[in-house]
Each structure stands twice: as structure tokens, then as C-alpha cells.
Amino acid sequence: MTMPRYSKHQRGVALIEVLMAVLIFSVGILGLVGLQSRAIQLSMDTEDRNRAALLANELVNEMWLRRAPTVPADVVTAWKAKVAATTQSGLPGGEGEYSVTGRQADVTIKWQSPGASAKSQLTTRVVLP
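Position 5, counted from 1, in the sequence shown is what the numbering used here calls 184; the numbers after and before it change by one each time, with no gaps.
Hints may be right or wrong, so weigh each one.
Claimed, not checked - DEER-style ranges, computed between Cβ atoms:
(1) ALA218 with ARG245: 23 to 33 Å
(2) SER278 with MET223: 24 to 34 Å
(3) ARG217 with GLN189: 38 to 48 Å
(4) TRP243 with LEU214: 18 to 28 Å
(5) LEU202 with ALA295: 32 to 42 Å
(6) ASN229 with GLY191: 53 to 63 Å
(7) ARG245 with LEU214: 40 to 50 Å
(8) GLY191 with GLY213: 48 to 58 Å
FYI, nobody ran anything at the bench for these hints, they're computed from the structure.
Predicted model, so just to flag it, every value in this text is computed and none were measured.
All C-beta atoms, glycine included, are put in the ideal place defined by N, C-alpha and C.
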């Protein structure tokens, strides 16, 4: 069996094709890594928002239990400390605010997610009958 002879112009074409395939594959893999990184970041942001809502609901529950929008100072102080805690129960750079106007109370939580340029904020308004 004789091997076909290629002209000088065709030598190395297979190598260039392989290199181009590796380049295209590498760009695809880099795109997937970037997509996965963004998905993880969005998941962390969602977790922080969920935690902020749960923390706000803790103070709101105190109001409903007391049937009044005012909450004792020691309860508010403990709640603010929990919001600012650096453990898993708190938020990164968390700040809790609480204001009352008549039968209405606003519970606001602000936090700074790692890598975010601005603070995030969640406000829960409660109007008690």
C-alpha cells in the first residue's frame, strides 16, 4: 500500500486545524467559567436578600406580638447587633434601622455585599390595626 503524497502547500494544515480547535474549545471553557462565577455571585446576593427579609421579619413579629409598633430598646439593640453580626446570621456590613410614625413602622436593613459598589437595602413597612 502506498501513501499518498501531499504537495508542499498542504503540509502542516492538520496541525493548524488542531490548534484552531484547541483555541475555540478554550474560549468556550473560559465562557463557561465566567458564567459559573456570575451564577455563584447572584446566588450569594439572593442569600443576603433572603437573610435581610428574615431579619426584618423578626422585628416585625415582635411588633405583632405586642400589638404595637413600638418595641423596647433592648429588643431593638439586640436586633441591630444581630443584623451587624459577622457570623452567618448577620449581613456583611449590615445596619438595621427602625422608625415609628403613629401605627406605622418602617424596618430598614442595609448591607454591603463583597465586591458590590453600592449598598443594598430592604425596607419593610408595617401598619398595625
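List of violated hint numbers, smallest to largest: Per hint list: 1, 4, 8 violated.
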